[in-house]
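Chemist: Respectively, the protein sequence lines represent chains R and G.
For the first sequence, our numbering begins at 1 and goes up steadily by one.
For the second sequence, our numbering begins at 193 and goes up steadily by one.
Note that these hints are calculated values from the structure, not bench results.
Do not rely on the hints blindly, as some may be mistaken.
Unchecked claim - Here are some chain G residues the structure puts well away from chain R; computed CB gaps all over 10 Å:
{"hint": "1", "residue": "Thr197"}
{"hint": "2", "residue": "Leu212"}
{"hint": "3", "residue": "Arg301"}
Claimed, not checked - Here are a few chain G residues that face chain R, going by a calculated C-beta distance under 10 Å:
{"hint": "4", "residue": "Ala239"}
{"hint": "5", "residue": "Arg244"}
{"hint": "6", "residue": "Asp251"}
{"hint": "7", "residue": "Arg263"}
The structure displayed is predicted, hence computed values, not measured ones.
The beta carbon of each residue, even a glycine, is placed where N, CA and C say it ideally should be.
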Amino acid sequence: MVESAAVDQLVEEAKAGDHLAFEELVRATHADTYTLAYRLVGDEEDARDVVQETYLRAHKGLKRFRGDAQFSTWLHRITANCANTYLGRRGRHDHDPLPEDPPIADLHPQIDPEQRASNGDLRSQLTEALQALPPKLRAVVVLRDIYDLPHDSIADQLGITESAAKVRLHRARKRLREKLYPLGDEEHARAV
Amino acid sequence: MRCETVSLQLAEIADGHTELSPEAARHLATCLRCQAELAQYRKLLRALTSLRTQYVIPDERLLDDLLEALRPPADVYRLHRRNRRAAYIGGIAAAATAGAAGAIVIASRLAANNKPSLAS
Chain R
1 MVESAAVDQL
11 VEEAKAGDHL
21 AFEELVRATH
31 ADTYTLAYRL
41 VGDEEDARDV
51 VQETYLRAHK
61 GLKRFRGDAQ
71 FSTWLHRITA
81 NCANTYLGRR
91 GRHDHDPLPE
101 DPPIADLHPQ
111 IDPEQRASNG
121 DLRSQLTEAL
131 QALPPKLRAV
141 VVLRDIYDLP
151 HDSIADQLGI
161 TESAAKVRLH
171 RARKRLREKL
181 YPLGDEEHAR
191 AV
Chain G
193 MRCETVSLQL
203 AEIADGHTEL
213 SPEAARHLAT
223 CLRCQAELAQ
233 YRKLLRALTS
243 LRTQYVIPDE
253 RLLDDLLEAL
263 RPPADVYRLH
273 RRNRRAAYIG
283 GIAAAATAGA
293 AGAIVIASRL
303 AANNKPSLAS
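With the rest of the complex left out, here is chain R (with noise of 0.2 Å):
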C-alpha cells in the first residue's frame, strides 16, 4: 500500500489536472475498493462494475473532496454509494447465492502469526457468514464494523435512516453470533 502522505501528494495533483497521478491513486487503491465492493455485493464480477462505476465518480467528483477525511474513506462512500445503487437495481433475489471462495491475501502477516492462525478458522467462518446475510443488513455491519465508518455516513450512503442503520447492525451482528456461536458454545465464549 502506498503511504498516506503519498496518498495526499497524488490526491492534490490528481485534483490539479495531473491524470497520471490519478492513475497511480488507482493503482494504489483498487484492491481495497475491490475487496470492500465483493464484501457488499458478493459477486465477483458485479464488484468489478461497482468498482469502475466507483473510479468513475470518484474522478469526476475529485475536485470536491476537501480532505476532511482521508482519501480511502472517500473512497469507501463512493463504493458504499455505489453498490448500494447497484443492488438497488439488481434487487432479482431475495438472498444472494453464496459465490465460490474468491483468492485472498494478508497484508500484515508478519504481526502476530500465532494468533492470526488461530483466527484463520474463525475468519473464514465469519467471511461465510457475512455472505450469508441479506445484503442490507450485510453492508451496514461491513461498513460499520470493518471499515469503522460512522453511522451517520452509513446511513448517508445506503438512504436510510441513522435509527434505521443502528437497527440493522444490531440485527447483524445478532445473526453473525448466533452463526458462529450456535446455542450450547457459550462455555468456548467464556473461556475467550
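Put chain G on the given structure of chain R with help from the hints.
Modeler: Just chain G now, with coordinates in the frame of chain R:
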C-alpha cells in the same frame, strides 16, 4: 431484569461506544450467560476488524480495464484526430495516384489516336 432484555443491548455495547443501563449493568455483573454472550460479541467484533487487512485479490484484468475506462477524453479525441488525419492524407494520396494513372491512360490513348496511319 431478564437475560432476554439485557441481550437486546449487548450487541450495541460490545463496541464500547454505548453503555448499558444501570439496571442491565447490575444484571450483567452477576449473570454468566449474559457475560458469555457479551464475550462472543467482542470476539466477533475483533474478528470483523481483522478482516480490514484481508484483501480479496481482484482479477488481473481489473486494473487494466479501470485505467482504460478512465482514459481522459482528450486522449481519445487526439487518437481519433490522428486517425482522421491519417485517413485524410491516405485519401488524398489514393486520389492523386488514381488521377495520375488516369492521366497516363488518357495521354497514351491520345498519342495512339494521333499517330499517322500507314495505310493509304
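Chemist: So, for every hint listed, does it hold in this structure?
Modeler: Cross-check of the supplied hints:
No Cβ of chain R comes within 10 Å of the Cβ of Thr197 of chain G; the nearest lies about 14 Å off, and the non-interface call holds. Every beta carbon of chain R lies more than 10 Å from that of Leu212 of chain G, the smallest distance being close to 14 Å; the non-interface claim holds. With 10 Å as the threshold on Cβ separation, the claim that Arg301 of chain G sits away from chain R holds: the shortest Cβ distance comes to roughly 59 Å. A least Cβ separation of about 5 Å between Ala239 of chain G and chain R falls short of the 10 Å threshold, and the interface hint therefore holds.
At about 5 Å, the closest approach between the beta carbon of Arg244 of chain G and any beta carbon in chain R falls short of 10 Å, and the interface hint on this residue holds. Checking Asp251 of chain G against chain R by beta carbon gives a least distance of about 7 Å; that is within 10 Å, so the hint holds. At about 8 Å, the closest approach between the beta carbon of Arg263 of chain G and any beta carbon in chain R falls short of 10 Å, and the interface hint on this residue holds.
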